[in-house]
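Participant: Chains E and H supply the protein sequences, listed in that same order.
Just so you know, we're using the numbering used here here: the first sequence kicks off at 1 and counts up by one.
Just so you know, we're using the numbering used here here: the second sequence kicks off at 1001 and counts up by one.
Some hints here could point you the wrong way.
If we take Cβ atoms under 7 angstroms as the criterion, some of the chain E residues that face chain H in the derived model are [stated by the list, open to error]:
#, residue
1, Gln-66
2, Ile-346
3, Glu-347
4, Cys-348
5, Gly-349
6, Ile-353
7, His-390
8, Pro-393
Derived contacts from chain H toward chain E, CB cut-off under 7 angstroms, selection only [as the list claims (entries may be wrong)]:
#, residue
9, Leu-1050
10, Tyr-1053
11, Asn-1078
12, Asn-1411
13, Thr-1415
These stretches of chain H come out as covered by chain E in the derived footprint (C-beta under 8 angstroms, 3 or more residues) [stated by the list, open to error]:
#, segment
14, 1110 to 1117
15, 1349 to 1361
Since the hints were derived computationally from the structure, they do not count as laboratory data.
We put the CB at the ideal spot given by N, CA and C, even for glycine.
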Amino acid sequence: MADLSCKIAGIDSLNPFWLASAPPTDKKYNVVRAFQAGWGGVVWKTLGIDPPVVNVSSRYGAHHDQNRRLLGINNIELISDRPLSVNLQEIRECRKEYPDHVIIGSMMAPIEERAWKDLAQQIAESGVHGIELNLGCPHGMCERGMGSAIGQVPEMVEQVTRWVKDAVDIPVFTKLTPNITNILWSAEAALKGGADAVSLINTVNSIISVDLDSMVPEPMVDGKGTHGGYCGSAVKPIALNMVAEIARTPETRDLHISGIGGITTWKDAVEFMALGSNAVQVCTAAMIYGFRVVDDLIDGMSQWMDDKGYTSVEQFTRAAVPQVANWNELNMNFDTKAVINPDNCIECGRCHIACEDTSHQAIAMNVKEDGHREFVVIDEECVGCNLCYHICPVPDCITMEPVKTDKPYMTWPEHPLNPMRQAAE
Amino acid sequence: MTILQGKQVSKSGAIQGSGHIGHNDTDDGFSDLHPAYSTLQAMAESNRCLYCYDAPCVTACPTSIDIPGFIRKISTGNPDGAAKTILSANIMGGTCARACPTEVLCEQACVRNVSEDVAVEIGSLQRFAVDHLMARDELPHPFKRAPLTGKQIAVVGAGPAGLSCAHRAAMLGHDVTVFEAKAKPGGLNEYGLAAYKMTNDFAQREVEFLLGIGGIRIEYGKALGRDISLEALRDGYDAVFVGVGLGATNELGLPGEAFDGVDDAIAFIEQLRQTEPKSDMPVGNNVIVIGGGNTAVDAAIQAKRLGADEVTLVYRRGAEHMLATEYEQELAKINGVVVRHWAKPVAIKANGKLIGMEFEKTELRDGKLVGTGEKFEIRADQILKAIGQKIKADDLAGMEIAGGKIVVDENYQTTASGIFAGGDCIKSGEDLTVQSVEDGKQAAIAIDAFLKTA
C-alpha cells in the first residue's frame, strides 16, 4: 500500500484527507469519530468572537438527481454556535488524545485588527497546527461584514491575512470564496499578506430550489428563504478550475493549496492534487454518507498509486498543471473523430439524436434488413466534439480516435484564418 | 428460464408458490399478479430507461405508445402527463399494462436487455402512470371531443376493439352507440383475462373512465343476429364497426364432449371472473386443461389457485410450439401445474360421471404431427378445453370471411361498404387486447375519413 502521508504549509499529515470546516467538525464528538474513521485531519468549524451566533431552524436545501442522489447541498448555517471556550477546550483534548492527527482552527471576525489578532492568538494557544481564515461564507455572516464580504475585496484579504500572520507563529491558510470574478486577485492578495496556503473553494452563492406549493426558496424558514452556500459534487468543476489557475500562474504558483469542492471519490481527490492541491478537504460526501467514506478515499488512492508506480503523493501532486493551457495555446491542427463500435452498441439512438438535433448531423441511423439499427459516424461532418462519446450509456462503445496528420502544431494566433494573426517570423 | 425470476420473484413475491389454497382463502390466490409500484419503485425503475430515440420498444408496441416519453414524465414527477401520453395512443393502457405479454412485446425490445439482460419494466411503469391519473376522480376526462359532426356510428361489441373505436370516434366528434350482448362492458377484459391480472374490478373502472369522453351510449343485452342485424345498423347509422371477437370455441371432436365436467376454458374463466368471493367458484379435484395458449395457462393456474389437487395441462406439441409465452409457461409450473407435451386427447373416460381422459403420445414425422400409438390415461373430474376460438360466422352475413376471420382492407373496412371491423374477429396481428385497441383506434380514424368523403 502506497504511502499517503503528505505535507502542506509545513504541516505533516497522515494522509491528504481532511474534513473541511463545517458541521462535521463542529465538536469533539464528531472529530474523534472522524479520526477513528481514518481522516488525517480536520479544520474545526469556524470560531468567532463570543457571544456565539444563533442559527435558524431548517438549514439545508438539496439538488437531487432523479434517483434522489444528492448532487449538491446548499446551507444557510452560520459559524459555530457554541461558546469559544468550549470549542477551544475540546480542541485541546483532541490534540492530546490524537497527537498524530492535524487540527486546523478556522476563524472569522469583523474587519478589525484587534478582533482578528486576539481570536487568532486564543485559537493558536489551544494547540492547533494552523489557522484557516474563513473569508468565504456567502450567507448570513457576510451581511455582518464578515465571510465573503471580506473575501470579495482583495485588499481586505491581504490585510486580514497579514494581521493573523503577525499575531501567530503557526501556518495560516487563507480560505477563498469562489463568488468573485477572478480567483487570482484573491490568491495574490493572500500571498502578499503572507499566507502559507490558500484553501479553496468555499461554497458557491446559490438558491437551490423553490418549493412550488408555497413559492418559497429552499431551505424554508417560516415562509421565507435566503441564498446559501452551494457545495457537493456539482461544484467540483468550478473548484478544479480555480485550483488550477492558482497553481499554473507564475505569481501564485508557490502558494500551497488545500483543495476543496465536491470531492466525493478518491479520483476526485487525485484530480484536485494533480491540478495543484497539496492536500484536500472534504465535507459534503461525509455529510451524505458518514465519515466511513474516507476508507474508499484512502484505499482507492493507494491502489491507484500502486498501479501507477507512485510511492508518494508528491510524485503526482501538480502533475497535470503543465498540461493546463490557455485556449490560444491549443493545436488547431489536431483532429479527432468519433468511432462507434457496433459490437457494443445497444441501439438506443441517443448519439444520433444528440448529434442530429444539437451538433453536426454526423451520425447516420441506418435500418438494416433484419430491422436492427446501425449508427455510423460520417467522418466528413464529425468535428470531434465528444458529445456522442459522453452521452453514450455504454462505456467504450464510442471512442474518440485522433486523425493522423502531417500538419504542424498550430495555435490560433498563428492560424491563417485569424485576422489578428501574428507574423510567422 | 430466468425471465420469471427477474420479473416475478424479485419484484412482487406475489406468487404463492405451488401451495394448495384452501377453499376458505382462495381470494388470496387471486390478488395482483404484479402488485402496483410504489412511487419510490416507479422513480427508480423510470430512471433505468435510457430515453432511446426512435425506440425499439415503441416499434414493438402494437399501439405505438411513446414509451420513452411517458417514462421520462414519470421520472420528472409528472405521472398524470405520462398517463395522457399512454392513453392518447392506447385508451386501454391500464388493461394492457396488466395483461400484455410485455415479455414478447415492448420489454423484449428494450435495449437494456442487451446491456444488462434486464429490461425496464415498462408494463409496471405504465400501470403506475395510468392508475395515478385514474385515481384522481376530481380531474376531467383527459381528452376533449372535436366539434360535433352529427354523424352516428354503431359499434357492435363493447370489448377492447369496440370501446377503443367508440372512444376515438367520440374524440373525433361523432356520436356512438355500442351494442353489447352481455350484461357488462369490457369484453375479454371483463370476462376473459385471468382474475389475478385484473383485480379490483379494473375492467369496469376502465370502461367508466373511457366513457368520460362523452358521446358514447352502450345498449346491453343486444346480440348480433338475435336483437340486432348488420343490415339494420347500416341503414340506421352513418357507419358501423364490428368488434365481436370470436364468439365460438373449437371442439375436440370426441364422444362425450357434452358430458358434465367437460367445459370450455373460456367459459370457466368467465364464470370465475364473475364469481365473488372466488371461493364460491366450483372446481374439480383433478383438472385437465387441453391447449397450449395463454387461455390454457390462465385456466390451469386459476384452477390450481381455486384449490384443485392436480392440474395437468396437456399440449399436443412441444414447449417451443406453445402460443403461451415462455413467461406464462413458467408461471404455470411455479403455480404447481403439471405440463405434459407431445400428447393428444383420444377419449373421454366416464363411468356415470367423468373419470378421466385418454391420451396418445405424439411426435413430428416429416413435419407432420402424428400419434405414436402409445397411450396413457390421466384421471380427471374436470376437463377444460382451450383449443382455440372461432368466429360466429352466421351473424356476419354480407361480408367476406376467410381463414376464420372477417376480411378487411387497409382501412379496416369489410367487403360490405360502410361496415368496418377490428379486434380478434379480423386478422391483424396476435389476438391480444393491445392489438384490438389498436384496431379500434385505427378503424375509428378510417371511419372518420370515410365519413368526410361519404
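Participant: Does the CB of E/Gln-66 sit less than 7 angstroms away from some CB of chain H?
Facilitator: Constraint on E/Gln-66 satisfied, holds at 5 angstroms.
Participant: Tell me if the interface restraint on E/Glu-347 is satisfied: Cβ within less than 7 angstroms of some Cβ in chain H.
Facilitator: Cβ of E/Glu-347 sits 6 angstroms from chain H, so the hint holds.
Participant: Quick check on H/Leu-1050 please, does its C-beta sit within 7 angstroms of some C-beta on chain E?
Facilitator: holds (5 angstroms)
Participant: Under 7 angstroms, Cβ to Cβ, is where H/Tyr-1053 needs to be relative to chain E, so tell me if that hint holds or is violated.
Facilitator: holds (3 angstroms)
Participant: Does E/Pro-393 meet its interface restraint, that is, does its C-beta lie within less than 7 angstroms of any C-beta in chain H?
Facilitator: holds (5 angstroms)
Participant: Is the hint on E/His-390 kept, meaning its closest Cβ partner in chain H is under 7 angstroms away?
Facilitator: This interface hint is violated because 14 angstroms lies over the 7 angstroms limit.
Participant: Checking C-beta pairs, does the segment 1110 to 1117 of chain H have three or more residues closer than 8 angstroms to chain E?
Facilitator: holds (count 4)
Participant: Answer holds if the nearest beta-carbon of chain E is closer than 7 angstroms to that of H/Asn-1078; otherwise answer violated.
Facilitator: Violated - the Cβ of H/Asn-1078 stays beyond 7 angstroms from chain E, reaching only about 12 angstroms at its closest.
Participant: Just to be careful: measuring from the Cβ of E/Cys-348 to every Cβ in chain H, is the smallest value less than 7 angstroms?
Facilitator: holds (4 angstroms)
Participant: Was the hint right that E/Ile-353 lines chain H, CB cutoff 7 angstroms?
Facilitator: Where the cut-off is 7 angstroms and the nearest Cβ of chain H is about 4 angstroms from E/Ile-353, the hint holds.
Participant: Can you tell me if the segment 1349 to 1361 of chain H counts as covered by chain E, using C-beta to C-beta distances under 8 angstroms and a minimum of three residues?
Facilitator: violated (count 0)
Participant: Should the hint that H/Asn-1411 touches chain E count as held when the rule is a Cβ pair under 7 angstroms?
Facilitator: For H/Asn-1411, the interface hint is violated, since the closest Cβ of chain E sits about 25 angstroms away, which is over 7 angstroms.
Violation of the numbered hints given earlier is confined to hints 7, 11, 12, 13 and 15; the remaining hints are satisfied by the structure.
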